[in-house]
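Working from the sequences, and respecting the hints, build out all of it.
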Amino acid sequence: MILIPCPNCGPRNSSEFTYEGENKERPNAATVTKAQWRNYLYLKNNPLGWTTETWYHSSGCKKFLVAERHTMTNEIRSTKALGQQGGAS
Amino acid sequence: MSRNKPVKYSALGLFKRGLSGKEWPRVWRDVDLKKTYDVVIIGAGVHGLSTAYYLAKNHGVKNVAVVDRAYVGGGGSGRNTAILRSNYLTPEGVRFYDRSVDLYRHLAADLNFNVMFAPRGHLTLAHNDGALRTMRWRAEVNKVQGIDSEVIGPEEIKKLVPYMDVSDDTRYPILGALYHPPGGIIRHDAVNWGYARAADAMGVEIHQKTEVLGINTAGGKVTGVRTNRGDVSAPIVINCTAGWATLIADMAGVKLPIITHPLQAAVTEPVQMFLSSVVVSGSLHVYVSQTDRGELVFGASTDPYAAYSMRSSLEFTEELAGHVLELMPSISKMRVLRQWSGLCDITPDFSPIMGFTEVEGFLVDVGWGTYGFKAGPASGEAMAQLAATNKTPEIISAFDLARFEEGRLASERGAAAVGH
Ligand SMILES: Cc1cc2nc3c(=O)[nH]c(=O)nc-3n(C[C@H](O)[C@H](O)[C@H](O)COP(=O)(O)OP(=O)(O)OC[C@H]3O[C@@H](n4cnc5c(N)ncnc54)[C@H](O)[C@@H]3O)c2cc1C
Ligand SMILES: [Zn+2]
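So the protein sequences, as listed, match chains A and B. Going by our numbering, the first residue of the first sequence is number 1, and it counts up by one from there. Going by our numbering, the first residue of the second sequence is number 1001, and it counts up by one from there.
Hints listed in this document are in silico derivations from the structure and should not be mistaken for laboratory results. Hints should not be assumed to be uniformly reliable.
[Claimed, not checked] Taking lysine-lysine pairs in the DSS-like style, the calculated list, with each CA pair at most 25 angstroms apart, reads:
| hint | chain 1 | residue 1 | chain 2 | residue 2 |
| --- | --- | --- | --- | --- |
| 1 | A | 34 | B | 1255 |
| 2 | B | 1255 | A | 24 |
| 3 | B | 1062 | B | 1034 |
| 4 | A | 24 | A | 34 |
| 5 | A | 44 | B | 1221 |
| 6 | A | 62 | A | 24 |
| 7 | B | 1255 | A | 44 |
Below, the structure is given as structure tokens:
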């Protein structure tokens, strides 16, 4: 089980969270082409190494958080509330 | 080209060797890596090996290297739970997987290798109305394609699996099941080794411990691969690396809509045969079958987050045990012998990606998720044809990479999310 340090609740088992996936920049809906939008929906980086992703604390504070996690070791080196600079780690 | 004449496996041969005590020869050769090939295949799993086999057998393309950074069957092909079936949801999917089951049926004779295919029947349980509706839908799609598939009720399920609790006082009562008699299990290692041996006998080279570090391209065309044993040039390079597929595609500058998730499985100590069918429960996220040796093989859904780690976890076994006991309370005293994990290359529509990419000569046979072992023969056959003729065979035309950008998804979510 990986432990995720929630900025609100402290370290909690990952089973309390819903994995939302890798963070990606959302294209501007007003100017985006169909192909660009589909690429945004479907293409991921899927890196082997550090990745930045969103989790939802569904069985806890019901807040979203952004974590930096290593996809090989599952080590989490930082977390912060979604939309917030810096934060707990 | 050095040729390898393998001994023919037979009962008589086994008897003679038993008497003479003579050593069996190596199953495939270990040769030096050449500087150039007609085709380089990355990944010595069932997909890479079957593609090489059909390239040599059906198209006479024998100057082929299959390279793997680890060993034959070290990826998903040696870690899966070996369930074969063709009762999918889309007509394209059903047709494709049925071709594979067809090829599996006479694979032992084709490869002169006992792959132990046991079509013992496959049951997908429905615990709620929504699931039952999907089962009926699948049964109809299957029947139209001529596939033996029907919805049955709890009494019939009880006849097929006497140890199952089909009463209605459980937490998730069983309302019915999709029954697919031709489905079953196979010995995955034998399939991998059989393809490797038969391909090798025709001149294909299998290079283990040969890691691809880069893909060389020039002017939008692939020219070869960079490996830990030196550069190799080839006009065609096929990516058959499943869970590692995006890492290889990145080297060629090709983006794939794939996320890598670990998938775990477990096996118990062997007991006397009591479970003939393969039983899958989507709602309980679990499936179980009994091998010819008597072990129960369990699997579940993928781990809930993307990762390349193949560590197994206690929470997996705990959850699994709870769910299995809901179905079969009487096996509560059985002991788990081993558990393990493999990597799955998940696509947005639970269908594979086979064919061309924007880099000429760089082909993909990926996106096999949790369901790709059963597809090995049909995809190998089709990919070999594609590589040899430079045309996409009809049977895989719905599974091209361009479908994502063009919005033509082939959704198998309802038939492939848990039941592999
Ligand atoms: C626990 C589990 C249960 C499953 N159950 C089923 C099932 O019941 N039925 C079913 O049909 N499917 C099942 N699957 C899915 C199935 O195992 C896979 O889809 C299938 O084996 C993929 O085969 P492959 O040949 O494409 O890839 P793999 O067998 O994964 O082979 C990929 C190879 O690429 C090699 N590689 C990676 N990177 C490099 C590199 N840089 N250079 C060289 N080589 C490299 C790896 O070493 C590996 O050997 C299951 C999977 C798992 C993990
Ligand atoms: Zn929280």
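Hints, one by one, checked against the model:
no., hint, verdict
1, 34(A) / 1255(B), "17 angstroms, holds"
2, 1255(B) / 24(A), "14 angstroms, holds"
3, 1062(B) / 1034(B), "13 angstroms, holds"
4, 24(A) / 34(A), "17 angstroms, holds"
5, 44(A) / 1221(B), "24 angstroms, holds"
6, 62(A) / 24(A), "21 angstroms, holds"
7, 1255(B) / 44(A), "8 angstroms, holds"
Figure legend: structure checked against the earlier numbered hints; every hint is met.
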